[in-house]
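*Asks:* Got chain A sorted already, so can you dock chain B onto it with the hints?
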Amino acid sequence: MTRSEGLRPAFLVALIGVVLVALCLLSIALGARNIPLGQVVRALSGHPPDQLVENVIWSVRVPRTALGLAAGAALGLSGALMQALTRNPLADPGLLGVSAGAAFAIVLSVAVLGFGSLFGYIWFSFAGAFVASVVVFLLGRLGRSGLTPVKLALAGVAVTSLLTSLTSAIVLTNPEALNRYRFWAAGSLADQNGDVVLRILPFLAAGALLALACAPALNSLALGDDVAAALGRRLGLIRLQGVVAITLLTGAAVSVIGPVVFIGLVIPHVARILAQHAGLGPDHRWLLPLSALLAPCLLLAADIVGRVAARPVEIQAGILIAFIGGPFFIALVRRRRLAEL
Amino acid sequence: MTHPAPVQHPSVNGASPTGTPRIPFRTFRLAVPPVSGIVRPRLVLVCLALAVVTFLVFCWGVAVGDFPIGLTGVVRALAGYGDPGTLLVVRELRLPRALVGLLVGVAFGISGALFQTMTRNPLASPDMIGLTEGAGTAVVAGIVLGWDGGLGVQSLGLIGALATALLVYALAWKGGTTGYRIILVGIGVSWICTSATDYLLARGERFQAQAALGWLVGNLNGRDWNHVVPLAAVMAGLVPVALLLGRLMRTLQLGDDVAAGLGTRVQPVRLALLLAGVGLVAFGTAAAGPIAFVALAAPQIAQRLAGTAWPPPIASGLAGALIVLSSDLIARNLISGTELPVGIVTGVIGAPVLLWLLVRANRSGSGG
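The listed protein sequences derive, respectively, from chains A and B.
Heads up: the first sequence begins at 69 in the working numbering, then just goes up one per residue.
Heads up: the second sequence begins at 20 in the working numbering, then just goes up one per residue.
There's no promise every hint is true.
[Unchecked claim] Computed footprint of chain B on chain A, listed as stretches where at least three residues anywhere in the stretch have a Cβ under 8 Å from a Cβ of chain B:
(1) 226-236
(2) 241-247
(3) 252-265
(4) 385-394
[Stated by the list, open to error] One-sided and incomplete, this derived list gives chain A residues near chain B with beta-carbon spacing under 10 Å:
(5) Pro327
(6) Phe330
(7) Leu333
(8) Ile398
These aren't lab readings, by the way, just hints derived from the structure by calculation.
Keep in mind that this is a model prediction, so the values were computed, not measured.
Don't be surprised by glycine CBs; every beta carbon is placed ideally from N, CA and C.
Just chain A, same shape as in the assembly (with noise of 0.2 Å):
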């Protein structure tokens, strides 16, 4: 297919764009009480109709939906970084033993140190998802060879379930460490401090830029191990570069939002069907970006759902993303052949 007869790619971005600034509106406007879209964007834009909705939309729903748009893209992005980093369709940001390395830091911070302020546990839990994805990359560094995507998944396999175990065990010892462990393992984006996205926004952008820089090299690693040598790129450095890059953005988003980590594994596959519609091929200077736009949309669109489908009970985000996206991901299965692990 040329370009001329698909989607071009700028009228792709341009949509994918219109239908998250729609998601962000509608994720300020819905909720416990819905404010009419008109007030919104009054409010938005400094002419506030009273008091009470500028309090709602700045102090909870623009910190909200921030935090959704922060970190979907993260998690999207890492997702793709890694399906690229480790030729494995099936791979996932929270492969590296991230997911689980804070779910360890939360239940230990809780048991041990007491429960501190609200979001103290955040900086344990990403301490904790860094300090296992650097014992992962090491333990998959072992032996001659270096490291292999095989070997990095098998570490993360190995790890991952220490630490699960670990988890178990405090958490069925320590009733308080279940209980912020229960809330955070749901993942959802309600109850955040509206400094939270600032505050893990430096990492993300640093996360980012790693990212987007690996792209070209991606394309190459794309081609196996030995063709991307013979390209000259320097493997090791550009999987250093990579699991530095999924360690900032996952960790960070993980940490705050809990481990929503499938939409790391559907959104590229997404990303991918897309890309192949608009005539651009697997290449990663676009899926990586693609992965950042549309991943916040399948976050935000949960979100929203999981706000009003059950008022005045909220379902988390977490819980209807693997509702939403475990039967897309077993339709995609079912349609298209993936490449083999």
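*Replies:* Positioned in the frame of chain A, the structure of chain B alone reads:
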């Protein structure tokens, strides 16, 4: 892997100059018409050794507890001798628990061997296709929502596991199945089940979440004869089937096309394998919960001990039993006064084993 099985290369080791097939080193050909086969002394030795060690750990597990019984006392009580108090403790408390551990370990080990051989993937385990997650969702729903229906946790787990297996097989069916597609669909289904479980955990009361999690980790606490009997009955039927399928299974390892070319009826064999593997895991999970890592690690350990090119089913079952029973022994005695769930210990033990396998594979240059 590290020890290529001689029988897998008949053409290499094939006819000797005299024209009679040469049986390679370390194996013997048994040919007593109408029965013939190949005997591997090392595999037989490994099985015997595993059986002996498993039996010892089994007795030790029965012996240890608040009311200590000597090892000889245990053996005597198992044979029906001893004072009434000892007999009561052994028969009603310790023995059912140890039996559940033994049976579940065997079931998970054999089932893991079936799945790993079928998918040709050392990372494949029955948990991967959503069975245990489905069982977990059903049990947690029962605990949190009170949807018991008078069935009890054990039946709920069984129903959840079997329903999930059926769903995965149906969704992976597209004019036939492939092992790979079953795994992929299983991943999707297990994601859905996991998040349903997470939702129920977050929704339930704290004590309900605690009870549910206690089951989800895999637990042998408070198991009685009601857990032993259904599991033992099903295993008596399924284990022989699984072992008989072993031979057919090995051609599947060569790939679907080659297996079909060699005369294996691929779809029926795969379905039978799935049924056997799923049945073992479903009943095992219903009895003890999804004990982590046994189905993954036991076949790999057995394969390396026996030096075969594929996970040997009997040795895998024995290794599974040994892992579960010794983990339970550790879990009960690690912290005095607290009985940790056995699933925590198997996870902590299993991870280093997997890492060890990983490093070993790297050393021999075959792991990649």
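*Asks:* Hint by hint, note whether the structure agrees.
*Replies:* Results for each hint:
With a threshold of 8 Å between beta carbons, the proposed coverage of the region 226-236 of chain A by chain B holds, since 8 of its residues qualify and at least three are required. By the rule of at least three residues with a Cβ nearer than 8 Å to a Cβ of chain B, the coverage given for the region 241-247 of chain A holds, with 4 such residues. Residues of the region 252-265 of chain A lying with their CB closer than 8 Å to a CB of chain B number 3, which satisfies the three-residue condition for coverage. Using a Cβ-Cβ cut-off of 8 Å, 7 residues of the region 385-394 of chain A lie near chain B, which meets the minimum of three, so the contact claim holds.
This hint holds: Pro327(A) has a C-beta 9 Å from the nearest C-beta of chain B, less than the 10 Å allowed. For the restraint placing Phe330(A) at the interface with chain B, the shortest Cβ-Cβ distance is roughly 5 Å, inside the 10 Å limit, so the hint holds. Annotation: Leu333(A) was flagged as interfacial toward chain B, and the flag holds, the nearest CB pair being 8 Å apart, inside 10 Å. At about 4 Å, the closest approach between the beta carbon of Ile398(A) and any beta carbon in chain B falls short of 10 Å, and the interface hint on this residue holds.
In summary, the structure agrees with every hint in the numbered list given earlier.
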